[in-house]
Structure formats: structure tokens, C-alpha cells
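There are 4 protein chains.
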Amino acid sequence: MALRVAVAGASGYAGGEVLRLLLGHPEVEIGALTGGSNAGTRFGELQPHLLPLADRVLEPTTPEVLAGHDVVFLGLPHGQSAAVAESLGEDVLVVDCGADFRLKDAAVWEKFYGSPHAGTWPYGLPELPGHRAALKGTKRIAVPGCYPTAVSLALFPAYAARLAEPEAVVVAASGTSGAGKAVKPHLLGSEVMGSMSPYGVGGGHRHTPEMAQNLAPVAGEPVTVSFTPTLAPMPRGILATCSAKAKQGTTAEQLREAYAAAFAGEPFVRLLPEGQWPQTSAVYGSNAALIQVALDEHAGRIIAISAIDNLVKGTAGGAVQSMNIALGLPEELGLSVNGVAP
Amino acid sequence: MALRVAVAGASGYAGGEVLRLLLGHPEVEIGALTGGSNAGTRFGELQPHLLPLADRVLEPTTPEVLAGHDVVFLGLPHGQSAAVAESLGEDVLVVDCGADFRLKDAAVWEKFYGSPHAGTWPYGLPELPGHRAALKGTKRIAVPGCYPTAVSLALFPAYAARLAEPEAVVVAASGTSGAGKAVKPHLLGSEVMGSMSPYGVGGGHRHTPEMAQNLAPVAGEPVTVSFTPTLAPMPRGILATCSAKAKQGTTAEQLREAYAAAFAGEPFVRLLPEGQWPQTSAVYGSNAALIQVALDEHAGRIIAISAIDNLVKGTAGGAVQSMNIALGLPEELGLSVNGVAP
Amino acid sequence: MALRVAVAGASGYAGGEVLRLLLGHPEVEIGALTGGSNAGTRFGELQPHLLPLADRVLEPTTPEVLAGHDVVFLGLPHGQSAAVAESLGEDVLVVDCGADFRLKDAAVWEKFYGSPHAGTWPYGLPELPGHRAALKGTKRIAVPGCYPTAVSLALFPAYAARLAEPEAVVVAASGTSGAGKAVKPHLLGSEVMGSMSPYGVGGGHRHTPEMAQNLAPVAGEPVTVSFTPTLAPMPRGILATCSAKAKQGTTAEQLREAYAAAFAGEPFVRLLPEGQWPQTSAVYGSNAALIQVALDEHAGRIIAISAIDNLVKGTAGGAVQSMNIALGLPEELGLSVNGVAP
Amino acid sequence: MALRVAVAGASGYAGGEVLRLLLGHPEVEIGALTGGSNAGTRFGELQPHLLPLADRVLEPTTPEVLAGHDVVFLGLPHGQSAAVAESLGEDVLVVDCGADFRLKDAAVWEKFYGSPHAGTWPYGLPELPGHRAALKGTKRIAVPGCYPTAVSLALFPAYAARLAEPEAVVVAASGTSGAGKAVKPHLLGSEVMGSMSPYGVGGGHRHTPEMAQNLAPVAGEPVTVSFTPTLAPMPRGILATCSAKAKQGTTAEQLREAYAAAFAGEPFVRLLPEGQWPQTSAVYGSNAALIQVALDEHAGRIIAISAIDNLVKGTAGGAVQSMNIALGLPEELGLSVNGVAP
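Note that the protein sequences, when read in sequence, are chains A, B, C and D. To convert, note that position 73 of the first sequence is 76 in our numbering; the numbers rise steadily by one, no gaps. To convert, note that position 160 of the second sequence is 163 in our numbering; the numbers rise steadily by one, no gaps. To convert, note that position 255 of the third sequence is 258 in our numbering; the numbers rise steadily by one, no gaps. To convert, note that position 54 of the fourth sequence is 57 in our numbering; the numbers rise steadily by one, no gaps.
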């Protein structure tokens, strides 16, 4: 018996990618597709790559339209998820791809998002120690931010093994879909092709506290993250270059063992063989995260690098993976670890 | 009971894409992976996006290695398929992604390829009138060229309905993977990014006679094709802009009906609604072909445009689709119509 | 004594490129920079690549601001140039990068642009027979469209030599800057990278009648153009693939001679040696047009291909070249034939 | 009287860019163009964007061919410059775009380059304290590496003002031309488009000791650099994200003043206004370096970011700028600060 699944915010990049994955999920039947200003538009005009849904028409995001589903994915602007979730009832699995329920500290939320804190839901990064268990049976999931997914996976094993000092430096390059489908001049193709540019420099990016929140419990101490995101001339992908000073006496072997242990049995995370480094093309369209780690002995730093597809493992794939866990389905259902390359 | 499938030439782009699709095919078990100069290399170094095969080692392309499989895909340089196929026996389904068995006319083959003609196998473009039937039960399949796939799908309905004059003009843009993985200076990223360039201009491209061969029987008369391929700054995709003079009295309605009829029931070809035009991003990684057609009344020409992924519908997807037909499996098994976009 | 030059519409792509060239022009002093909704903005925020102008502030486009200049370039939306030009007086050289004064036939103008015809100015394509003379001493210049520049240069020699039938088929790929800086969803980087897409198919593109207008007088008969523009994943460049049936008896030698003669002495057009084909990267940022021509004897067609930078030879470079001619300056002043490659 | 200038290694990306700049340099006449395996080839086939040199033929790199020039630029593989320079005589200005004469410490050279140390020449980064003076009148110039140029410019003001701790963390993204024109599989367009990938991780990149060598004298103490280069899907450009712990008590105002002072009067370096960040597109083809700096008070780090064109300010532009200084010409001759954008 298929699960009936609705997607609110189906015209955006997150919503579209959730639908691409759900179309290949054997236990899912796609129900309502809703949008804001696009309601009433033929879906094929909005997401021309999703052929089976081309003749659907986008409905408005109302409780009536979203009623009667087993699962509802939310791809809404910040601040809108709480009201929609409330209207859905406690029996419906609500998977929020937005930020509203990610942060635990209300003061931090308010500082970075400028609106009242809505609460905290189980966090959809099952590879992070303790989180898979918390997702089982839940009816509410906060899907992590794309950068925090890439960065937390790259760094947590070093912190879990107590090999890294609690001051991380992260520079990450993201494909432009991470900025969403909103039409802004600096996101025009003419502007982004052939250009790398930083943004949110100096600690201002909203994903910074989410990284710290993920790493501190693993490290057993507060972790400060210096995070610089950059926009890269590609549609998808995040390459996160993360480093931290190695604790005194750390060896390359210890590092490697810590990472191998942290990802043992994980279906979607792969520690690459020594000498091979992650590249975003290898995870294009896939839910895999590729990880490599090295010890720079001269500089005394651990360098951990991850590559993910920001729309898959970084958003929609992580969401579906968490949905599978919540519902007791096999975790890999509907998800691929094979990138579309070249 | 799974089919055991080998891929000869597994380190190239065609071979890699065949494997990506086979990894998602429910009836297939992947057997031998073979290569030429790369034999002995860990597969993860050659195709880092295919995680489940990363620890395999590429074997040499020999009869012994390829023996014992139900299906063998060949992604070999031109001229090598005949010998390998012969060694495999008549019970094995051999799917040749190369050109060796595509052309019927030995003289044309020799003019364009400069080597002796090896013969002709059933042609893996099931949408072309008569071809699906010929593929059923066959043990030998010649996978079409990527450009002929895009162009034949765009033009055959106009010829089948006798609406177009037999002189077609085609300009097609292809992603760089169409040129293969051979390392040539003009294919360097520094050279292709930000650049469009033509090649094989003036009738010299080897895919030209294949297009004429496909269209003539449908048209009931010889068809001349003026074909100009161009290299576009993208990894994948073909956009084929095809035109021909409209026969006297042709109307836009007739055209539209002819195309709708030609593709009715086709699982992988979609005639777009009026006003919507194909874009290659919408078929990235998918086996779909998007088609649109218009009548330019001022110029008196039919303009038919198709978008495919050169590595999927144009190569590996067409190959798997034809394999499914040959083996009596559901035609869509292991294939998606959903593009990875944006 | 320097010419004082103003640019109206300085925040757009055409205006920015005019300024980039003028900054390197030895006889020019840059005066007013004006804009519409951007008036009042620091110029460095709008065009961060033009460092010497970074601290300027954009002024409103008014007669007062534009008064007192020797030359005024207009990079305005269609329909706004006539009023501005009128306010400037007959002694000022007005160079209109927009379409308002390109077409001679008022009915054709109204059909394609939907507004009243403003008139016709000398046409800034000096390489077209007769046009260089008409530009000398003029005080009004209509800068050609980018596609008509590329297509007219590629085809006129074949028509001038009476070697081509008067039905041309053109498929051209343009970089995204050709669509301007207006913020539209399909021009987002996420949408255009990795994608080729057609638009204005079937004769609807506004540049089509401009091509016919350019070629007919050269051919001595009306010329019909079937034109399909496509958007390519690159910021700049046009590759125009143009063809027409060869008149009976045309030889490859005749063709080559016709093209060599047509471009002899031209400072900015280069007929490439046989076997070498134009690529847009070679003209990136340069005012050169690269041309090659071939006879497809099997299809009986002439294939002529040109590559230009749409913002330079296709807009701002052609504008400056025409300004130089109008003012009696050396034609090449401030212009380069060296592309920025790779 | 023009300077007669030869370029050895004219078929590579560095050599080609030197020539592009020299073609616009008013005091230069281009003499011999030499190459290795390409000797004898028409130059237009190798560098199709340099039209005035298209009919030249590449000569072999021999003392006889290079004799009789005032200036010789070397764009040779590592290890070949010393012998060529020796053959040229002490009166000829030799500008080496390679690494041979950059490093002072022979042991470090041998560790990173694996060959005997050739010596040290005046270092062509005039903006670095003390270096402009050392370049005046010199007959030998070592052009800096592209990454060290970007990183040294971004960080030296912080060290000069004693505001930063001597452990820098640098993550830089480079366009593919930085890897040169050598044909390697991972540099194919199909591989690099749509992909970010790191390389030389963990301290292994040869530019690392050059950065430390530049910063230590400015800092007055040894500086350790943790450097991770990444390959970005664009032909040109470096975006260097550099950070270091701020020394106790450092304020944002101090930082800003230090940077403003360091670059005051520099013709090619621009500290951007607060809130505006460097982007590589703004320096495409230009010799400018754009810099911005911020203090992340939460993390206690200084973040300094630079954008340059790796082939211009990072190689050929820096080379021409240094040549101008060495010869007593105006420093800006033949160089532009205007990027080719979009």
C-alpha cells in the first residue's frame, strides 16, 4: 500500500528535487503539489524535467489541499513551516526542508534569522552520532542545511575521536542551486558563469551556528566555526574544505582509523582510498557523500574534505533518507549512490 | 533470476553510463568490467561516481573474461566489435554502442569510416517505424549514434506524414562527453568552457549517412541531410535544430497531428505543449527525448527541435531500452524519464 | 583634445561594454553615466569590473545630464531612443545600441516590435557593401543587432558573388549576455549552465527581418531567412551556422575567392585558413569576426560560419568602430582583435 | 624606438597571455616565438585568438632564435629556464614565468621540485614591501606563482601591521588554465565542467613555501601556511580565501586601516568598499587584484579574500608590470584594470 505524499513548495529547487526522488521511490504515490504565486500553473512549465507530473497543475498551499496525506514535505520560505505543520495533525509525517526547526538555541535563531524561534525537531542527519535513533518513528523532521550536512560529515569523526582542536576553519564552494530559484541579479547566468565569489563572510552565514550545534556534542566541548561560503559556476554540488589544528600527538593513522570507524556501515558516506580526493561531479544527482582526510604535519592541521550534491544529500536526499528511517522503511529506498557523471 | 551482464570498454563514457543504468536495473547482475590500457586499474579511480563498483579491478577485454554472461555491452573503438562479438557465441545478447554495425551500405561505411564493412545489426531506435519489432528476440543490437538518435526522432514524423521536402538542414549542439574520454587538446576544460565551435562541417561527420539511412525509408524517397555539429560548453546533452522545406499546402495543424500520432504511446518521447521548447537540462541523465515542431510560414520551413542526453537516450539508455525489448522485459525497466535539473 | 562621451543606460551589459572599450580609447574622456531605476547608485556596485569608474554615481537619463557631450551612446530599452536623441541636438553624435532605428520598413518594424516606427539611421556595419561610406560624417548611428552582425558577415559574400540561393537557414548559439541584464527565471545560472535551449523559433525573432534587410540589396533579390536562435551556457559569444543552397555550378574555389575578396583589407574580419573553423573563445572580448565557408557538395549547400563576441563586434565594439568612422578617426582606435583566451 | 621582445614557450597559456598583453603594449615589437614539440606549426593553429600573429610559424627554442632581443619571456617547463637564460647574456632582460628562480631556500626547492636549485632572481610582486625597488634596473625577474600572488596580496597587510597570528589557512579556487595546456584526463572539459575538486591537499602544493617566503619577512616571524587549492569550473581566475587568528585586541578599524595603507597608490590593487566582496569575473583579463578583509569576531579570525586573473596578475600581467619597472617604463603600460565582464 503506497504512502500518499504531498509537496508544499513544489516549484522551487528543493521541492523539485524531492519530487524527482519520490518519482523513483517504490512505496510512494505523489499527491498534492502546492505553490505560492505559481499556484494555477501547469507543472510542466515550472519543472520541465519531471515528465510524469507535467500535466499536473500547481495548487495553493492550504490545509485543505495538504490534508489526507501520509507524508508532507515542506519547501517553504523561512518562517512559514510552523503554521502549515500545525494544520496537518500529529499523525502526518512532516519533513521540513527549511530552517525553522533546526536550531535549538532560541537566541541564536533570533540573531541569525530575525524572527521568533518555532522550536526544534529531530534533525535529519542520521550519520551524526545519536541522530538515526532519534529519527525512528518521529512525525517531524528538520532537514539539515546543505552546508552543515557537508561540513558536519567532514569534521565530526575528528571531533568524535578527540583529534581536533575546537576551532574549525571551513571554506565551502556551492553550486548556484543552493541559492534557490529566487531571481536576483547576481545569480544570472551571465554573472555566475566563469566566476567564483564569496558571500556571508566573517561569520554571518546562517548555517554557521548549525555547524557548531552539530559538532559540539560530538567534541564534548564548544566548537567555533569560521565559515566562508563561496558561489561556484556550477548548478549543483558542495565541496567543503574543513580544517582544524590537530591535537598534540595526532597521527595520520589515528585520523584514518577514526574516519573509517565513523562511517563503517553507512550506506551513503564513503571514505575514499588514500590519495583519492572528493569531487562534486562524482555525486551529481546522488545521495552519496564522499570524504577524505589528511594530516598536514608541517602546518599541524587536519584537513577534511567532503563533496555532496547540495540538492540531494544536502536537501532532498537527506529528507527522503530521514523519511525512510522515520517510517521504518529500508534507509536506501528510492535513493542512489551513483552520480550522473561526466 | 538475474541476467549476468558484462561491459567491455567500461572505463569510457559510454561504458560508464551503461553501468550507471545497469546498477539501477532490477533484473541485472553486473559481471565482468573490461578495458584496454586501463586493465588492472581499480575501477574507483576510473569512474569515481559509481560507488558500488569502486573496488572492482578492470580486466582485459578477452573472450575468456567476457564468457559466461547473458548480455555483453560493447563500448569499444570503431572496428573492434566484430571480433569480440564473434567470440561470444550466438546465444549471448551483444549490444554494440559503437558504429560498426549501424550502416547498411558497405560503400558508405567504407567512405566514412575507412575500414571494411562488418555487417548490419538490428538498429536500436525502437521509436523509428518498424524497428521495435525487429529488436524483439534479437541477439545483436547496433546502438544508434547520438546525433542520429536526436535528429531522426525530430524529423521522422514530418517525413512519415509526407509533409517535408527531402532536403534536411540540421545544426546540432552537443556536450563534450559526445567526443569521448580521449585526451585531445581542444577538449580541455580551458578550451571548451565559454566556447561554441563547429566541427566536421560540410558533410564530413560520420553520423550524416546514418541520418539519411533512417529517414529515407520513412519518407519513401532518398533524403539528403546537411549536418553541422557543434561542441557546446556543457558535459552532456544534444540540442538538434532540424528543418526542411514544407511540402506545398502543409499546415501547422497537420504537422502537430503528425507528431502527436508518431509519438503516441512512446514511453520515452514527449511532444511538448505548443509554445514550450526542449532544453537539454530537462533530460540530463534521463532517457527522455523532448520534441517540438513549428511551421515558419514566412520561410516555408518546418522547424523540428529535439533535446536528448547524448549519453542516455543517445547511447547507454537507448542501449538498455533495446536490451529490454530484445529480452522481452518491460521496455522502461531501469530507465528514468526524469532529468536531473537544475 | 579629447572627445567628451556620455553613456545612457550605463548599468546594462551593452552600456558596460561600451564603457570598457571607451576606457581604452585614446581620444575619449568619459562624461555622464546615466541609468533608469539605478540612478543614484555607486557605479562600482553595478559594474564592478570597471575600476576607474567605481566611485562614480549613476545619474538619471535626462536631457540636462546628457547635454554638453560630443558623443552619446544609448543603451536603452526599445522605444526610448528617439526622444533622447531629439533632445541632444544635431551636432551631437548619437550612437544607438538599441533597435529603434535599424529597420527601414515601418510595417515590418511594427509587426516585430509592436510600436510606431521611429525612422532609420545609418547602419553601423561598415563591412557590408556601401555602409562604411554612409557612416562617414554621420551624426546618427543605428548599431546592428548582434545576430544580424554575425549572420550578415557570414552570408553576404556568397550573395554578393551570386553563389547562393535566396533562402538562408541560420541556427545561431548565443551567450547569455545577449539576453541582457533583466532578471528572468530562465536566465538564472542554475538554469542556463549545462543547458542549450532554443527560443523565438519559427520566424518570430526580431532580428530576422534585419538579416533579410541586410542581405537583399547585396543579393539583388529578396532573401528569406529561417532563423533559430539558441541560448548557450556561456556568458558571451555568438556562433552562427548559416547555409543556403549553392547556385548551380558553384565551386569551392569560387566560394573561397568570393569570401577572400569580400574581406580583403577589413581590419576586423578574418577568413580563416581552410580547415580551421571559428570558435567563440577566440574572439572573447575582441572586436574580431572569424569566418569560414565550405561547400557541402553532397547536400548542394554553402555552409558559412561566423564567431563574434556579441557584446563587442555584436554591440559595443561595432558601435565604437562606427563612431570612429563617423568622426574621421582611425577605424581601429580603442579596439582589439585579440581575444581573451583561454 | 621599440623594444624587441621574444617569447619562449609561446604555445602555452602563459606564453599566449604574455603575447596578448604585448600586442597591446605601445613600446614593444614582438620578435621570435618559440616552442618545443610545436616548433614548425603555424601560430594561428596554436593560439587562434591572437590574430596579428596568426601567420607566424613557431620556431624552436634555441639560443640562435632567441638572440638579438631586448627582452625574453620564458614560459618553459620547470628546470629549463636556467640554461636558456645563461645563453642570453647579461644585457638581455629575462622574465621567467616558471618557478625556477622563485625560492630562496635550496633545500625547500629540492624538496618541492625534486631538482637542483638554480638560484634566486628578483621577485616580480612589486606590491610586496621592498620588492618594487629590487625590480628597478634588474635584468632577471622571477614571476611569482599565481596562488602566491593572490595569497600574498590578501595577507601581507595583516602581517605588516602585526595583526595576524603566523598560522594562515588558505583555500583557493583556480580556473583550469592554471593547470596549463598539458593534456591530462582530469582536465578534460567533460570532467571539469560542473565540478569542484581539491588537489595537492595536506601541504604538498609547490606554491606553499613560496607563500611562506613572502609573508615571513613582512610578519617579522616565520609564517606557516595551510594551503588547499581547488580546481573550479571556469577557464580563468583565482579566488583565495585566507584567514588567520587575529592578534589579541585587533579591531576591524585597525584591519581596514592597515589594508588601506598597504595598497595606497598601488595601480593594480583595489581594496573594495566595505560590504563588497571580490569576484573573479570582475578581473577577467585584467591585471587588477581585488581585495576585501573582515574580522570574524566570534571566531577571532581575520578573513582576507582576493580575486585575480591567474593568467594576468597571476602570471603574464605581473610579468609585464615587472618588465615595465625593470626598464623604467610607466608601470601600467600595456596593462588594463578593466575586466572583461560579464
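Just to be clear, a hint being listed does not mean it is correct.
As the list claims (entries may be wrong) - Here are the computed distance ranges between Cβ atoms for each label pair:
1) G71(D) with E113(B): 39 to 45 Å
2) E113(B) with K187(C): 47 to 53 Å
3) Q279(C) with E89(B): 37 to 43 Å
4) G183(C) with H301(B): 23 to 29 Å
5) Q251(D) with R165(A): 36 to 42 Å
What the hints assert, rightly or not - With a Cα cut of at most 35 Å, we get these calculated DSBU-like pairs of lysine-lysine:
6) K248(A) with K187(D)
7) K248(B) with K139(C)
8) K107(D) with K139(D)
Since the hints were made in silico from the structure, they are not lab data. Backbone N, C-alpha and C fix where the C-beta goes; we use that ideal spot for every residue, glycine too.
Structure-based check of each hint:
For G71(D) and E113(B), the hinted distance range of 39 to 45 Å is not satisfied, since their beta carbons lie about 54 Å from each other. At about 50 Å, the CB distance of E113(B) to K187(C) agrees with the hint of 47 to 53 Å. The hinted window of 37 to 43 Å between Q279(C) and E89(B) holds, with their beta carbons roughly 42 Å apart. Between G183(C) and H301(B), the C-beta spacing of about 26 Å keeps the proposed range 23 to 29 Å intact.
Between Q251(D) and R165(A) the beta carbons are some 27 Å apart, a value that contradicts the proposed interval 36 to 42 Å. For a cut-off of 35 Å, the pair hint linking K248(A) to K187(D) stands: about 34 Å separates their Cα positions. Between K248(B) and K139(C), the direct Cα distance comes to roughly 42 Å. Violation of the 35 Å bound is thereby established for this hinted pair. For the hint linking K107(D) to K139(D), the alpha-carbon distance of about 20 Å falls within 35 Å, and the restraint holds.
When each numbered hint is compared with the structure, violations occur for hints 1, 5, 7.
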